[in-house]
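A.B. asks: For reference, the chains in residue letters:
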Amino acid sequence: MNAIEILFWLLSALAIISAMMVLLSKNPVHSVLWLIAVFFAISGHYILLNAQFLAIVNIIVYAGAIMVLFLFVIMLMNLNKESEPKRNFWRILIGIISGGSLLMILVSLIRQATEINNKNALMESGNIGLIKTLGKLLFSDYVVPFEISSVLFLSAMVGAVVIGKKE
Amino acid sequence: MEIMKTLLAFIVLWPLVGFLVNGLGRNYFSKKRIAFYASEQIFASFIASIIVFILIKNNGAQGDITYFNFIHIGKLIIPFAFKIDQLSAIFLLIITGIGFLIHVYSAAYMQQEEQAHYGRYFSYLNLFIFSMLLLVLGANYVIMFIGWEGVGLCSYLLIGFWFKNDNYNYAAKKAFIMNRIGDLGFLLAIFWMIAKLGTANYSDVFSNVSQLSTTDITAITILLFIGAMGKSAQIPLYTWLPDAMAGPTPVSALIHAATMVTAGIYMVARSNVLYSLSEVAQNLVAITGLVTALFAATIAIKQNDIKKVLAYSTVSQLGYMFLGLGVGAYTGAVFHVMTHAFFKALLFLGAGSVIHAMHHEQDIRKMGGLKKYLPITHITFLIGCIAISGIPPFSGFFSKDEILAAAYAHNPVYWGIGVATAGLTAFYMFRLYATTFLGSFRGTPEQAHHLHESPSAMTIPLIILAILSVVGGLVGVPESLGGHHALHQFLSPVLLTEVKYETTHSTEYMLMGLSVAIAATAIVIAIVTYSKKPQISNSTGVGKLLENKWYIDELYDAIIVKPLGSLASFLKNVIEKSGIDAAVNGVGKLVNYSSRQLRLLQNGQVGGYILLMVLGMIVIVLIWVNDGYIYRFLMNLFFAK
Amino acid sequence: MPIQYYIILSLALFCIGIVGVLVRRNAIIIFMCIELMLNAVNLLLVAFSKMQYNTAVIANKATTVGAEGQLFVFFIMVVAAAEVSVGLAIIVMMFRNTHSIDVNFLNRLKN
Amino acid sequence: MISLLLILIPLFTGLLTFFLKQEKTAKNFSIFSSVITLGTVCIAIFFAQNNQLLFNTQWLPALGSRFSISLDGMSKALVLLTAISFPVVFIATYTNKYKSSHSFYALMLLTQAGLMGVFMATDALLFYFFWELALIPVYFLSSIWGGEKRIAVTFKFFIYTFIGSLLMLVGILYLYFNTVVPSFQIKDLLAAKISLKEQNILFWLFFIAFAIKMPIFPLHTWQPDAYEQSPTAVTMILSGVMVKMGLFAVLRWLVPLFPESAKTYSNIVIALSVIGMIYASLIAIKQDDIKRLIAYSSIAHIGLMCATIFTQTVIGTTGVMLQMFNHGINVIGLWIVADAIEQQLGTRKFSELGGLAQKAPSLAILFVILALANIALPLTNAFVGEFLMFNSLFQYNVWVAAIAGISIILAAVYTLNMVQKILYGNTVAATEKALDTTLNINWMLIVLVVIVFALGVYPQPIIDLTKDTVNVIVQNR
Amino acid sequence: MNAIILSALGGIVMMFTGIFTQNKIVIKNIAIITLLLLLIGNLLHFYGIYMLHVDVKDMLQFNNFGLFFNTIAFTSTLIYFLLSGTDITKVGINVAEYFALIFFVLCGVSILTSFHNLLMLFLGIEILSIPLYILTGADKKNLKSNEAALKYFLMGSFSTGILLMGIALLYGASGNFSIESVPSTTSKVAEMANSSILTPLGLLFVFVALLFKVSAAPFHFWVPDVYDGAPSVFTSFMATIAKAVGFIAFIFLFESRIAELGPSSRIIIPFVIILTLLIGNITAVFQQSVKRMLAYSSIAQAGFMLFVLYSNNDISSEGILLYSVAYSFATIGIFAILIKMKDYTFEGYNGLAKKEPLIAAANTIFLLSLAGIPLTAGFFAKYYMLLSAIKANGQNALWLVIVAVLFAAVSVYYYFRVIQAMYFKEGNPEIATTNTSFKVILLALAAIIIFIGLFPTVVLNFLYF
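Going line by line, the protein sequences match chains V, X, S, H and P.
Just so you know, we're using the numbering used here here: the first sequence kicks off at 1 and counts up by one.
Just so you know, we're using the numbering used here here: the second sequence kicks off at 168 and counts up by one.
Just so you know, we're using the numbering used here here: the third sequence kicks off at 809 and counts up by one.
Just so you know, we're using the numbering used here here: the fourth sequence kicks off at 920 and counts up by one.
Just so you know, we're using the numbering used here here: the fifth sequence kicks off at 1397 and counts up by one.
Think of the hints as simulated: they come from the structure by calculation, not from any bench.
Be careful, since some hints might not be right.
Unchecked claim - Result set (DSSO-like, lysine-lysine): computed pairs, CA atoms no more than 30 Å apart in a straight line: (1) P:LYS1537 with P:LYS1486; (2) P:LYS1835 with V:LYS165; (3) P:LYS1424 with P:LYS1537; (4) P:LYS1750 with H:LYS1068; (5) P:LYS1486 with S:LYS918; (6) X:LYS744 with X:LYS331; (7) P:LYS1750 with V:LYS165; (8) P:LYS1751 with H:LYS1016; (9) H:LYS1075 with X:LYS744; (10) H:LYS1018 with P:LYS1821; (11) H:LYS1016 with H:LYS1278; (12) H:LYS1068 with H:LYS1352; (13) H:LYS1386 with H:LYS1112; (14) H:LYS1116 with H:LYS1182; (15) H:LYS1075 with P:LYS1750; (16) X:LYS739 with H:LYS1075; (17) H:LYS1116 with X:LYS199; (18) P:LYS1821 with H:LYS940; (19) P:LYS1835 with P:LYS1420; (20) H:LYS1268 with X:LYS739; (21) P:LYS1751 with P:LYS1835; (22) X:LYS729 with X:LYS744; (23) S:LYS918 with V:LYS26.
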């Protein structure tokens, strides 16, 4: 077991535990923090996979911007306490059972898949995750979606205005 | 031929025109004009019938006279055609002749009716004559059936003539429905013929009779006979006839005694070719006739309504005729039809005269001693009674004797019962006569005050019919009594001559003597018993049974009418409402119910929605994992090869 | 790394996200769980991208094979950001009106 | 071309009538229109050349459906019936008051257009179109101008029929994919290659649609309610003409398209029909309402016709064609009487009626004649039809004919019951001040009675009309 | 491409209009004019006339089918603006923004009718959805509107997650995002299903996500609540144009790939169809509010439209276009009337025919069309669907088709309740005053529906000219 594998398992464990903690934390602020931990773990995976650009963007956009926004909203609403006084046991049970069974089915299916046998994700090496490569691709082949995503932003902006503007 | 065609058309059309004119113009014409017009139309037919009769007598019968094709589909051709031969010629005379007399009689009898109803009455009578003529003249069973149902309709209309009275209406309905039961048999017989032979023409059916199997013939004849049972009031379809006395008395005379009820006889006689080939059917006809004759006679003994007695006697006499048909004495049966038409019309009209005089009182217990008030009626009525009792040389004797002789040849037991019935007939007829005309008057003084002889328009027909009742038998004097049976010879081209009943003259004499003796004895007993002290108290035991007509009406009510009614109610209230309709509405309710339940899924909870979505996903993935197994399973289930 | 590991890891994260959506009542946390699901997808895409690259390298077809997967992740992030802005705006609006973001109380609309 | 006119005249006059706000104008205009249609029908039937009776043009080329109608022998009788019944109904109900009557008459004329189309279409899709076109206006007519429970009852009727027609649509579609050339033309559908198993499935899809329309036991429960609740003018059309759609469709489409299945299942269909006859007759005996009684009697009569169709003989089929016409005439007459009674006396219950013959003699006479026609008395039109039909049924099976024959007796029972309870006996409170019928009703009834007798004595004209097509249908099997 | 660019520009134009003027009528008219330009621009595309020549790198592909759907969508929107434009301006103060958002939705529609890449699918769906979330919550003071927006948003995002997972799995199998690339031979379906898991699994996820968008059961739960809670005027838009486009996306995606789901697709799709028909139709029966009934009915209609997946042939493709036209036109009309009503319950419609005969007549025609009664466009819409199913699967499709028509009969039940209320019941309905042009447009719309009901091929001929 080399360092990469050790890192892989560590990060995976961190990601899954943190993800669980997102659910388990009673305080929304804690949830946010645990989610940020997940994002960091995932960024770690990106780095392992040599997708440096995404790793950075993930930290900046997700952990840095989006989650701060979440935190901000939670604070704004003064929700930094336990907000769910009563938890419905059955609901949790059913939720876990159905989510769990979905996972079970999917995993068992994936394990049967022969097409991905002996296929590996290349770790560390490979330069496709570099800004240079991605940038070239983004502004050549992917320029149309890039432009179109601007429309998406426009609409989101207008939407935020509509919703947020006081009447 | 052309003359015949025109004549027959007119014979049939005159009454129809009379019906239409009187029916439509009943509010505009005077009573006199209505009566005159109606009678005149029938009289014209009668004259034409005589001409036809003479032509037939001289030239013999000819082929069918076709007017147009009633139905023509592919190979099935049902022409609107008439067949005029000896048999129908005789019936033509009876129908138009007696019909005319009764028209004349009715003109006076119905005088008290309002003008509109008067017109209605005569138009019905004309319509009846029209239908009866169609029945008799038709050259195939379908045309006969048209007339057959037509007379049923007229009977219905005339029984219910006084429609304000619900009992009368009920009687009318009963008559029609019982007739319809018979008609169904008749219809099925026609279908059978058409199915097997492709035709319903008499000539074609009779000439192709060899193509029919014995089963076919038996079935056809029995089905035809069921029709005849209905129309001619044989057991078990006889109960309508006594009730039919609800109609005006001339109607009873015309329809329920002289003409319509003999349609069954006519039909069987017409189909004699078929009946002769079926032993089973013949026996059935004979036994039915015999039983009916005896049975009706027993009931007649205890009836107190003057018309009811006559009605049961009609049933009984019709039984005789069927006995004759059954034992192969077709001519005898037709002969009896004729004589019976004379004396029964006479008796009914006489009874009508009595009722007229008694102001619509029909209970003989309230009569008595009418001899002196109604002399003509009395005499003619007496003649009728003698004639029906079979005392020589009155007409009834000859016809009845011919049937009895044939019955003896066929089976002496038949003869024995026949003679016993003849004795009963004589007994109840003279009971009637004695109670009505002899003794002292038992009605109210007011009635006594009004008692008077009927007007001449009524008495003249009585007299004519009385004469015919006396001499009518002469056309059929058997050889044993020195005659040569003119009727027999006349009808021989149409009716098969069965030689089965060849008996020696001495036997015949003995039989005649015996029957006359029994009848005479019965007459004496009846007169002695009833002329002085008529039975007024209610009878008991067997008497009560007879008085209540063996409780047959009640029996029918209990085993047919009531169960049918409850079945209908059951179907209407349970099967229809709570069964089928409830099932249909149940589908709607089910949809509504499931709607109410299903919408609870939409409980407003996002978590719940997503949960169901996830479950849906799981199901879809599972179906997919099954890899078509469920698909194949379902396909095999629904579309198994 | 065998690609199965990554697939299973992301599926696990994905399902945890789903479970979170199912069990939590706080709208914001539900939303966060959805973000978690998106991140699981991102991880999977990156892993697949490297798998594709690996396959291409083995087949000696070097190049930018697999970069598309990573670009897709980029777009997902972009969209997620847009979505978050709108979503949080809606949640805030909701909170302004009802002073609650508990989805259990969202049942004016039902049946 | 002239056949197209038969659809277009009522269609356009119907649409026009929507805009005639004056009650009188609308009435007179619709009578005028229906008389014109009748005239056109007469010209078409008696004078036009055969090729003038066809109309065939492109409609939906992509679907292989053509606007093709043809006035052949089979449709002639029913088109004539449709054309006769509308003016008769309009005139007989002339004095009836309807709120916003222009819409009423407009919808009636649209119904007529639909009916004409149904009877003439030779393209399956077109047929389906007209089938529904005839239904929708009736839905509105009954629901707006009907009785107390009209909405629910009419809706049941509508849904029932609609389900049936949808099943038929499925059948049509399936057939369409098995034709040699993609087409809905009847001749192409006839040539479709379908296996026996497919035929059997399709047979039921079509049959259920038609059975609901006729209606055949046990799919009949919509009918008495619908007849009772609809305004009588609509009921006349419903029972006089519309139920013939089902029978006609069986003759025109079902039997020729699926001859083997029709033979295979003839026993089931005939059994159902005959059970229905007896069942409906028995229930009719216990009815206390004129309209319901006529409704059940109608079920019984239709049952006989349906059973006969499946015996597939020339005689029987001719009888059915004839009887479709006759039954229409007779039942419309009965409805006119029922309406006259209800309009004047305000009740339809036997228990509240009686002795009407004294007060309204001419109505009584005409009523009795129509009632007798209803029980198929000889020399009325219905006799010929029933005679032929029973004949055919008898050839199919003796016992079936015998059992079905019981309905003849039962028909007499309930019809005479009705006549007796309404006309005879003494007058009661409701009939105390009754008057005889108005002139328009009288004359329309007389027209019908004349037809009753004319066809009863000489049915050959109608038989001749249908002769050729009947031979085609029966020989086709 | 014209449509995408113009609709995005249209959104921007409307945004700026809001800055320059507050006059609602002006804004509305500008929106109508912009939409007309958009429509014209789209039509020009048919003739190969472009505003810009963009190298789309195979991300998008334009064909007549998609362009034709665009035309339908834009025309529907135009009708919608004409009928309900005034009502849009009454929802809140951000009038121009509402129109802008609608234009952005149309941009999403244009993308979804031409995407050739899963990325574009994803972006298209998002561009379509995000403005809709906003529009749902546009009535900010209304708690129902808020609730609907939140529910819509949460569930919509969830489905986006599902969609992305599907896309990721497909990417894992094929290595790119083009919708055409198929990794292995599809000839032996059964064999492939055993060896390949990623493709079908990915397709299943995408399938589920799209089912959510087209509101098929059991992913329909958002529909009643959202349609009910959203401002009625936007419900109209959401239920028609935004929904129909989901099927176009389905067609593009699944045209060639449906077989990759393996033979199970033969059972999954009928399962979904029947469940959708069942829930949509049956639940609609008991509704008290017409608006909510229409929400369920839109689910039911989706059940019919899903036949396009079942049959997946040229008839079904034509049929879905016809269906979109029939369904959109009728629903827009019904909603245009509904918005004018004060009371959304069935009782609120009582006696409408007496008060507003023309509106009631038009409404009747719309309802008849939705119910699929012949002589209306709705009939042929359903007809094509059934036709395609029988063509595709013959005898095996028969049972499904029969079930579908039985549910169609159920649908008559609730559509006719409105007709019954309008025509057969007495009442005094409160309806906002309407001007003549509204009625004229309404009747014209009804006339169009009847015209299509008589000559559906006229519409479809556009596809092939």
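A.B. asks: Of the hints stated earlier, which fail here?
C.D. replies: 2, 6, 7 and 17
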